[in-house]
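We have chain A; now place chain B with the ligands onto it with these hints.
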Amino acid sequence: MAIHEKTLIEPERILQHDKLVVDGVDVSGHWNTMITPRTVVDYDDDFEATIQKYTGGENVHRCWQCGSCTNSCTMYAQNTDFNPRYWIYVTRLGLKDEIIRDKEIIWQCVSCNKCTNICPKDVRPEGVMKALAHWLEEEGITDKTPSTIFDEEFTEQIYARGRIEDGDVMKNFFKKTGQPLMQPWLVEMIKRMVRYMPVAHLMRMGTNTVFKPRTKSWGRTGEVLQEYVREQKEAAHG
Amino acid sequence: MAKVAYYPGCALEGSGGPYDRSTRAIVKALGLEMENLKDWNCCGAMEVKNVHPMLQTYLSARNLAIATEQMGLDAVMAPCNGCYHNLKKAEFELATSEDALNTVKDLAKKSDDPEYTGDVRTLHLLEWLMEELGPEGVKAKVKNTLKGIKIANYYGCMYTRPRQIFPEKDQGPGSESSYKPHFMDDLLAAAGAENVDFPLKTACCGGAHTLSDADTSTQLVLNLLQAAEDSGAEVIATECPTCHSGLEMHQVRAEKEFGIKTGVKILYFTQLLGLALGLSPRKLGIHENVSDSMDFLKQRGVA
Ligand code: SF4
Ligand code: SF4
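Chains as they are written, first to last, in the numbering used here: chain A, 1 to 238; chain B, 1001 to 1303.
Same shape as in the complex, but just chain A (with noise of 0.2 Å):
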């Protein structure tokens, strides 16, 4: 597949005139468009430290530019706008502005690890794209996206019980998210998938909704993890 590459040329910045006269010269045709310069005065020389204090962001220093991790990735090949390499060079300029460009599709990454594992440098790039969709939320630039309320109902359910229940964290992420639970194709496939089901097995997955799964030595592991998650996180951001 070709590599494309993401134009820094914004549609704002592009002029075009049917006719066009500069210092008395007719210059319409082929001189008709014209794009208003660019000077980056925006930039943020602190922005690259402030992702690597973000989990997954830590080795975005030392990127090269290679591209590897782009011309590999799973979304990229969804939506040329998906560009990790690109996002990785303007944290590294500070140019938080582009970044917030994005911010509706960075959070789509599908931690497929294509391009941690061609990465010639070590920057794992799916880390660096979970640490910025984290900035962005925790910035209320954007709202808390479902991939991060998925994470978080995940993490609850361990740290109460040591273990999770599939039907319980898909109800609670439908709630969280605002999103009925009957969705027509779940409903299609709970059809399918009960079709020659033994009355025993259902009423196991039936039950285990209800007395919820548990690691019975649990004890006070889940708290003791939730404390250090909470030190660590005052460590890196105050």
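The set of hints was computed from the structure by calculation and includes no laboratory data.
Chain B regions said to be covered by chain A (calculated; three or more residues, Cβ under 8 Å):
1. 1109 to 1122
2. 1215 to 1224
Output of the computed footprint for chain B on chain A, the stretches with three or more beta carbons under 8 Å from beta carbons of chain B:
3. 65 to 78
4. 116 to 130
5. 135 to 148
6. 163 to 176
7. 219 to 231
Computed from a predicted model, the values in this text were never measured in an experiment.
All C-beta atoms in this analysis are idealised placements derived from N, C-alpha and C, irrespective of residue type, glycine included.
Frame of chain A; chain B with the ligands shown alone:
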């Protein structure tokens, strides 16, 4: 034959029930020995590392420590790619970072959990079968050959990536390859199946966003289903409960919401292997799959 600790993880106890059932059935039929990992905890799947990576490392270290300290076993076997990946990642981190090891020790002390010593290895079910029996060993036990059933073997992301955490892969002949994995191909070929050349063996099914970004997952699953059909496959064989449920769910969603119907069947490799060993479809949980393959299997004389 060395006994291993069996780590089913949350998925095999929940939506991956048929994988658990068929794994137990074939392990018994093949005469291998495993014991349930005592009172295990969730490995954190793909989610908790985003909250904090140490959380993931600790959860996995705790499971590995139970195997060595409480059960006296030196290998943990996980059939789920997510569990396998996380346990391997913890092994790698704790072997390469003293900081991480000290943190884990400290957390274990505070929680009164068994201490991780590192004298343990993690195996995926595929690796265990290859190690103990290999294709020849499986072939010797086949009662009902899969005779020419065309299979696309699908391994997904976490069994191979990132390759740094699997030092035993890519070690030349006999070892598993992280670029072009072949263990499942080898085992199913030994059972008589005809493996097709499937280019998306390690492509992503979008499992991380199955619910949170369903459109993307449906698209990625459709790529897999359509590529499998294009390669002439009748069945996609899976070795991960997340991939398997993702394929099933989004096959239904693509049909229901976008009117795109695909006919390829989806079965756990353990179910296919079990049929070849002469086990009944019910024993293998084939009736619990969403993707209905019974007519097809009967027609091909294996069920
Ligand atoms: S693969 Fe690594 S070094 Fe290359 S552009 Fe991506 S992050 Fe940078
Ligand atoms: S992990 Fe994310 S950024 Fe990396 S290749 Fe996969 S989708 Fe792209």
